[in-house]
Every structure is written in structure tokens, then in C-alpha cells.
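Q: Can you build the whole structure from these sequences, using the hints too?
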Amino acid sequence: MTINLHAIDCDVHPTVPGMKALLPYLDDYWRDSVEERGIGSLESISYPPNSPLTARDEWRGTGGLAGTDVTQLSETVFGRFGSSLAICNCLYGVQLVFAEDMARAFTRALNDWIVKEWLDKDARLRASIVVPLQNIEYAVDEIERCASDRRFVQVLVLAMEEAPLGRRSNWPVYAAAERHGLPLGVHAGSAYRHPVTSLGWPSYYIEDYAAQAQGFQSQLTSLIAEGVFAKFPSLKVVLMESGVTWLPGFLWRFSKFWRGLRTEVPWVDRPPDEIVRDHVRLTVQPFDVPEDSEAAERAIEHLRSDDILLFASDYPHWQFDGDEAMPKAIPRALYRKILVDNPLATYPRLKEAVR
Amino acid sequence: MAKHVVAAVAEITPGGRKLVDVKGRPIVVFNLGGEFFALSNRCPHRGGSLCHGKLVGLVESSTPGEYRYSRRGEIIRCPWHSWEFDIRTGKSWCDPARLRIRHYPVSVEAGAQLVEGPYVAETFPVTVEDDYVVVEI
Amino acid sequence: MNIEARQPSRSSRTKPAIVDVDIHAKSSVEDLRPFLSNRWGDYLQTYGQRSRHGYAKGFPYPKGQPLASRRDSWPPDGGLPASNLDFMRHQHLDQYGITIGIMNPLSPTGQGDQNVEFGAAMCFAANEFQIEHWNRLEPRLRASVCVPYEDGELSRTEIRRRAGDQRFAHVLFMSRTSELLGKRRYWPIFEAAVEAGLPVGVHVFGYSGWAMTNSGWPSFYIEEMTEHSTSCQAMVTSLIMEGVFERWPELKIVLIEAGFAWLPALGWRLDNAWKKLKNEVPHLKKAPSEYIRQHFWVSTQPMEEPDDPEHVIDVMNWIGMDHILFASDYPHWDFDDPFLALPPKLTAEQRGMIYSGNAQALYGFA
Ligand code: FES
Numbered sequence: 003m004t005i006n007l008h009a010i011d012c013d014v015h016p017t018v019p020g021m022k023a024l025l026p027y028l029d030d031y032w033r034d035s036v037e038e039r040g041i042g043s044l045e046s047i048s049y050p051p052n053s054p055l056t057a058r059d060e061w062r063g064t065g066g067l068a069g070t071d072v073t074q075l076s077e078t079v080f081g082r083f084g085s086s087l088a089i090c091n092c093l094y095g096v097q098l099v100f101a102e103d104m105a106r107a108f109t110r111a112l113n114d115w116i117v118k119e120w121l122d123k124d125a126r127l128r129a130s131i132v133v134p135l136q137n138i139e140y141a142v143d144e145i146e147r148c149a150s151d152r153r154f155v156q157v158l159v160l161a162m163e164e165a166p167l168g169r170r171s172n173w174p175v176y177a178a179a180e181r182h183g184l185p186l187g188v189h190a191g192s193a194y195r196h197p198v199t200s201l202g203w204p205s206y207y208i209e210d211y212a213a214q215a216q217g218f219q220s221q222l223t224s225l226i227a228e229g230v231f232a233k234f235p236s237l238k239v240v241l242m243e244s245g246v247t248w249l250p251g252f253l254w255r256f257s258k259f260w261r262g263l264r265t266e267v268p269w270v271d272r273p274p275d276e277i278v279r280d281h282v283r284l285t286v287q288p289f290d291v292p293e294d295s296e297a298a299e300r301a302i303e304h305l306r307s308d309d310i311l312l313f314a315s316d317y318p319h320w321q322f323d324g325d326e327a328m329p330k331a332i333p334r335a336l337y338r339k340i341l342v343d344n345p346l347a348t349y350p351r352l353k354e355a356v357r
Numbered sequence: 045m046a047k048h049v050v051a052a053v054a055e056i057t058p059g060g061r062k063l064v065d066v067k068g069r070p071i072v073v074f075n076l077g078g079e080f081f082a083l084s085n086r087c088p089h090r091g092g093s094l095c096h097g098k099l100v101g102l103v104e105s106s107t108p109g110e111y112r113y114s115r116r117g118e119i120i121r122c123p124w125h126s127w128e129f130d131i132r133t134g135k136s137w138c139d140p141a142r143l144r145i146r147h148y149p150v151s152v153e154a155g156a157q158l159v160e161g162p163y164v165a166e167t168f169p170v171t172v173e174d175d176y177v178v179v180e181i
Numbered sequence: 015m016n017i018e019a020r021q022p023s024r025s026s027r028t029k030p031a032i033v034d035v036d037i038h039a040k041s042s043v044e045d046l047r048p049f050l051s052n053r054w055g056d057y058l059q060t061y062g063q064r065s066r067h068g069y070a071k072g073f074p075y076p077k078g079q080p081l082a083s084r085r086d087s088w089p090p091d092g093g094l095p096a097s098n099l100d101f102m103r104h105q106h107l108d109q110y111g112i113t114i115g116i117m118n119p120l121s122p123t124g125q126g127d128q129n130v131e132f133g134a135a136m137c138f139a140a141n142e143f144q145i146e147h148w149n150r151l152e153p154r155l156r157a158s159v160c161v162p163y164e165d166g167e168l169s170r171t172e173i174r175r176r177a178g179d180q181r182f183a184h185v186l187f188m189s190r191t192s193e194l195l196g197k198r199r200y201w202p203i204f205e206a207a208v209e210a211g212l213p214v215g216v217h218v219f220g221y222s223g224w225a226m227t228n229s230g231w232p233s234f235y236i237e238e239m240t241e242h243s244t245s246c247q248a249m250v251t252s253l254i255m256e257g258v259f260e261r262w263p264e265l266k267i268v269l270i271e272a273g274f275a276w277l278p279a280l281g282w283r284l285d286n287a288w289k290k291l292k293n294e295v296p297h298l299k300k301a302p303s304e305y306i307r308q309h310f311w312v313s314t315q316p317m318e319e320p321d322d323p324e325h326v327i328d329v330m331n332w333i334g335m336d337h338i339l340f341a342s343d344y345p346h347w348d349f350d351d352p353f354l355a356l357p358p359k360l361t362a363e364q365r366g367m368i369y370s371g372n373a374q375a376l377y378g379f380a
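Protein chains in written order, with our numbering: chain E, 3 to 357; chain V, 45 to 181; chain A, 15 to 380.
Source of the hints: derived by calculation from the structure; they are not laboratory data. A hint or two may mislead.
[Stated by the list, open to error] Just so you have them, the derived chain E footprint on chain A, three or more residues with Cβ under 8 Å:
{"hint": "1", "stretch": "217 to 229"}
{"hint": "2", "stretch": "234 to 247"}
{"hint": "3", "stretch": "290 to 301"}
{"hint": "4", "stretch": "333 to 340"}
Note that the coordinates shown come from a computational prediction; the quantities given were computed from them, not determined experimentally. Where is the CB? At the ideal position from N, CA and C, for every residue including glycine.
A: See the structure below:
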């Protein structure tokens, strides 16, 4: 990219090569348990390791994994894509663990691993705090434990969890996030407590991946209907790797129903589309626009906001070829906002580095 | 603007309503605890007939989980898509600045005065003893 | 209440011909009784209908108003909305000059019942009732073939029974099936529909038994309403990815009451993912969005109402003006008024297509 801006890549993925990598970050009990019980890997079927989407071929290293090497990630994201900061969202499947205490142990290990193996090795990296929603107290504890490290800029949950994200039992997490100036990042992925569609389990991985966008729609509905933004007025939510073009149609539908059904949720005191424009941001890979450039332009217009998009490469997932990480459909005039201004406005902690 | 006698006061009891036709315009008259309000019967959204709507209260909330319920019977919900309108102002709840029901001046007049005019009550028998609801159009 | 005048009739306007593909002519459980055997009549009486949700009566998410119906749709005889033909004529068919209306019965029909044999008996009864009670008296009203869709073979039997009967317009599914619609268990139904030359209508609702979102159960009815588009996205995806349209190239799917603005974006998303994941679904011969363009029709209701009405016209163009069918959803609360619902900037020709031309072409209505 030739633009000489402090571009911020809001979604890159360091890959945990296996449970072995986390052993140094576990206490003796859990370290021995991992070995005794033969827990080799927590990789999720949201990203089958060998699926083409999971990693661009050229980025796969020995063993076929991509995103395991900080030098390669940095060279690609900062060198080839030209960003100056990047936010690491680690998708190792700790959210899938059923036992709460195990989830806590693994999640802590994961966050510590991110600090030592990534943040400490390249000053341009930032990260999200992975939280064990399996137990809300644990999740809050984890935010408190990590938040003092200013390189953590966001709290990370998955698009599909055990219960809709708006549910009030989750609110202590949002209170903690708001307190620390951390947006809530919702990333594609599932804890697999439910089938990835409300009509059961699909046959194909492509259906699972497509269904992520439905997860985001449901989560937005829940966050708004339950009143999360009424309760936490400075909370921002970032939808990552969600596709973008489903948003306008979704908002038309939701806002229309709101006019007739708002008495059920009286704290939602303005139209959902307005709430979304104030509180919700989306990363631009994948973008899911049509090939036809005129239609693409119209689809972007339907968003009716220049503030809601954040630049992201989604490295090492395969969303595009070459080094141009910005989706072609996005007009040049929006670059500065999407690359720099919007990320800075969304993540208060990033400003500390940019100064 | 002409005044039209549309009902005897006794006809529309508190909480009641009457749909009337004034110069071809459907108008619904509500009685809120003795006060009368005359509104166009056509919902400004897609034309639902408001006289068929349900009278409800106003629910507000300053925080999730709180339901502050007041003004029972002063809000009309359109029978179609259930949008709420304030009978006192005609304003919609969802978009008060842009979306409101047309409101007409209404008054209560004694039959004795009405008989003298200048009121339009062609189809409406007026007696001196009763009071009447009069809508100005 | 003091209601004396009726809404003025709009009969003075020149009325366009309108085919309304979604009218919910209602039956009661008692109405179906004459069409049930003693076995199933007694069963219905004793055990009742059991959907894949917990309530014996009523709905898991209480509606915004009784029976989700327009408050002005309760007929003067005290019956249920859309249960009285004269009143339906007065309030809807004649009021708007509906030339053909497709009845999509929602309940009681036995569709989606946990007991599929009972479901089959109920579907048969619901189909008989549509003919005997409605179509025979009002030929403008066409019937749907209700099928016990959780069982392919029983459904096939019901479709074959109705095949060739012009009074039936399409085979009817509820959208929330217990498995994704492209799965093999539903294939006999598609096969039979194609054999009978009938489109397949999929109307939102029903209960899959799974959580209503892929992240669990929401709390509110407003969420349930919004979620219909997500379950339909999964359903469309499944039909495409399972190769259903490669197997039955003549199969036509009509999405009813699902809204439609989500459909183009779904196509773009599927195309984008498919480019990378083609080798997982080698049975697809073209891009997913092309299957959508070719095999899916949408009904207009509930009409999308963005602040800028041009946006909805964009979406209609992306779907294809020739695949959009007018639907009112009479007598339900989110009813669309035939005269007022469509975006004002559509051309007369486009209106004509949506009101009737497209439906006539799809259903072969004369
Ligand atoms: S017509 Fe009154 S709310 Fe839609």
C-alpha cells in the first residue's frame, strides 16, 4: 500500500501451534493435566486448519500452519500491507471448553502467551483480551488482570456463544470493558453450544462460515434489545470478520419492527440503526460486496456512515490475493477514515502509541 | 374553517371514541377523561384506521429492566403496525418530529347556542338541552 | 367503544390487478375435525398439537397483539381474524381488488408437529378445509398444499394427492424446519413438487426445536421477528450448498414474509466464500448468487422501509424485478397495504410485475 498513514490493522490472527505452546503459562496442576489427559489441541472447526480460508497458502509454514511466526506476521502486516499498528485476535478454541475452571486456566495461559510471544516481540502489536464467558466472574477477573497492560486494547468474544451476548448475565463483562476503555470485539467463531444455524447443523464448512454473518445479526439484535447500550453508553462493539453488506438490510428490518414493538423493550428509546451508527464498528475483511462496481458503490452508500468501518487484513486468513488489503470496492476518499481515524476513535488505547 | 357538530357529549364517554365523517374526511374523536380530541382517522404511516386501534399507556424507561408506565388510555396504537400516537398532540412516539396525526380543534358547545348557528349540523339532530362536540375544519 | 363509520372504500380508484401471495385464511381446530379420521380426531382432542416448543397453547414469544392480527381484522361474528369469508371479502379482497389470493395456513395444520403421522392427517384436513370452506365459495382464493414436512414420504403422498388440481398454488413449508432445508430428508418433497409442477413456498415461522439464534435463545418477540431473516439465510444457503438445484433444475422456491433486503448480501457473501471453498462443494456448477437469481422468488411483505426509499429499489433490482411478488399478509399486524406499501418510485411496469405479472408467470395463473 502506498498510503503513508499510520494505518491500523484491526484484525490479525496469531496462531497457537498447539497446547504445548501454552504449557509454560499454566500452573503445575493444569500443565500436568494437559499431558496426563492428552489434550493436544483446541483448534476450532470454525477454522479447520487446512481449509483454504484459514490461511493463504503462501503464508503456511512447516506443519501447514500460518500465523505462528511473529517475524512473518510483522513483515506481512507492517511490511507488505503497510500498517503501523495491528491488533491480534487469537482464535484458539478456549471458548469451547465446557469446564469453567479449565476454561479459566487455558484463557489466562493464552493471554499470557500473547503478551510474551507477540506483544513483547514487536512493539507495533496490540491484542484483545480473550475472556472465558463460561463463567462471568472469571471473565471479569481476566479483564482486570490484563487491562493494566495498555497493549490490550479490546475484550474478545465470539459471534456464537452459549447465550445471546445481550443477556444481562453478561453485563459485568461490559461494565469492566467500559471501565477500562476497552471496546467489546465480537469475532467470527462459535463456542459450539448450539448448531451454527437455528435450523440445525449444516453439511458443509462453507455453510458454517456463511452462518457467521447470521450470528452477528443475532448478536446485534440481542445487544440492542436487551439494552446494553442504554446501560453502557460509552461501550463500543466491533464486529470482526463479519462481512459488512448484510448490515443495512438487517437494520431496516430491525428498525421497522422497533417502531411497532418498542414497548416490549422501552429502554431502546431510539431506532436501532441510530444506535448501531453510534456504537458499532465493523472490520472490512471480508467485505462481501458484489463484483459489479456500481452495485458495490450503492451497497456502501446504504451504510449511511463513514465512521463505522475499520481497516483489517484478517491475516493470515485468505480473504484476498496480493498486498492490497483494502477491499477494492471502498472509495479512496474513505481511506483515511477507515485506516486511521475510525480505529483511533474506536480504540482509545491506540492513541497512546500514535502520539 | 367551519364548525361541525359531530356528536352529543353523552355519546362519547370517557375512554370512548367515535368515528365521524366531516366533509368526506374520516375523523376520530376521543374522550380522555372528559377532554375531547379530534384526529384524522388515517394513520400517517400507511393509512390504518386509528379508531380501530387500542388505547394504551405510555411506557418509558431510563434503564433496562425499568418499565415506567403512565398516562393510561392516552396513547392510541395503530391497529395495523402498532405504532403509538399521543392523542393529545397527535405525535408519533417513534418519530415525533416527522410523523404525526392531523389534529383538529374541538370544543364542547351547549345545544342552545348551536341552534342559533353558524354551525354545520346537517345530518345531526341538535336539541337545546344537550351539549355537543364540535370540530372545526 | 363507539365505532360507527367504516373506513371509506377506495373503490373509486382504478385498481390494478393484484395477486396476493400471502393470505392467512384461518380455520379452528373444530373446523378440521370433519376431515380427520376418528383415530386422529380423538388424538387431537386428547393430546393436542405439539410443536417443537414448550407451550400447549400460545406462542413461546408472546406476540405484540392477539394472534398477531390487525386489530380491525376481527370479524363482526365474533370469530377469529380471517375466518369469515364475507368479512375478508369486504375488508381485503374487494377493498383492494385482489384478483387471486394464495392461502398459507399457519395453524392448525399439523406442520412441524412432533408426531408426523398425526401431522400428515392434519395436513390432509387443512388442505380439504381450504378447498371446501374457502376455494369452493371464493375461487379467487387458492390453496397451499400443507405437508408434514418432517417426513419426506408422507409429504410426497399428500403432494401426489393434490397434483394436477389447479386450485392448489404451491407446496407449503414453514421456514423453521428441524433440519436445514437442503438436507436429504426433504428431498422427496422437492422431487414430488417438481413432478407436480408446483413451486415450493416457504413461509416464516414454525419451530425448529433448535435455539432461535446460533448463539442461543433470545428474550424478546422483537428478536424473534428480526431472526426470521437469519434462519432464512441459513435455509437458502443450505438449499444451494446441498446441490438441490442441480438435482432439480426446475425447482422454484418462494420466500414468504421473510422480507428480502438480506438476500443480495447473502449472495455476495456466499460467492465470496465459494471462490475459496469451491472444492468442498464440487457439485455446484455456478456461483451461489446465480442459483439465488434463478430459483428464488421473494414476497414483498414485510416491506423494507429504509429512510431513503431508493435503497429498497436498489435491492429489488439486485434480486431481479421479475422475482418479486406482492404479499399483504392479511390479516396479520405487519400487513402491507397493497396500494401504499410499494416504494413510490417504481415504474408502472415494475408495479405491474410485482402486483401480478410475476406471480402469473410463476404460478401459471390465467
Ligand atoms: S399504518 Fe399505522 S402504523 Fe402502519
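Q: Each hint should be assessed against the structure and marked as holding or not.
A: Verification of the supplied hints:
no., hint, result
1, 217 to 229, "holds (count 7)"
2, 234 to 247, "holds (count 11)"
3, 290 to 301, "holds (count 5)"
4, 333 to 340, "violated (count 0)"
Comparing the model with each numbered hint stated earlier shows that hint 4 is the single one that does not hold.
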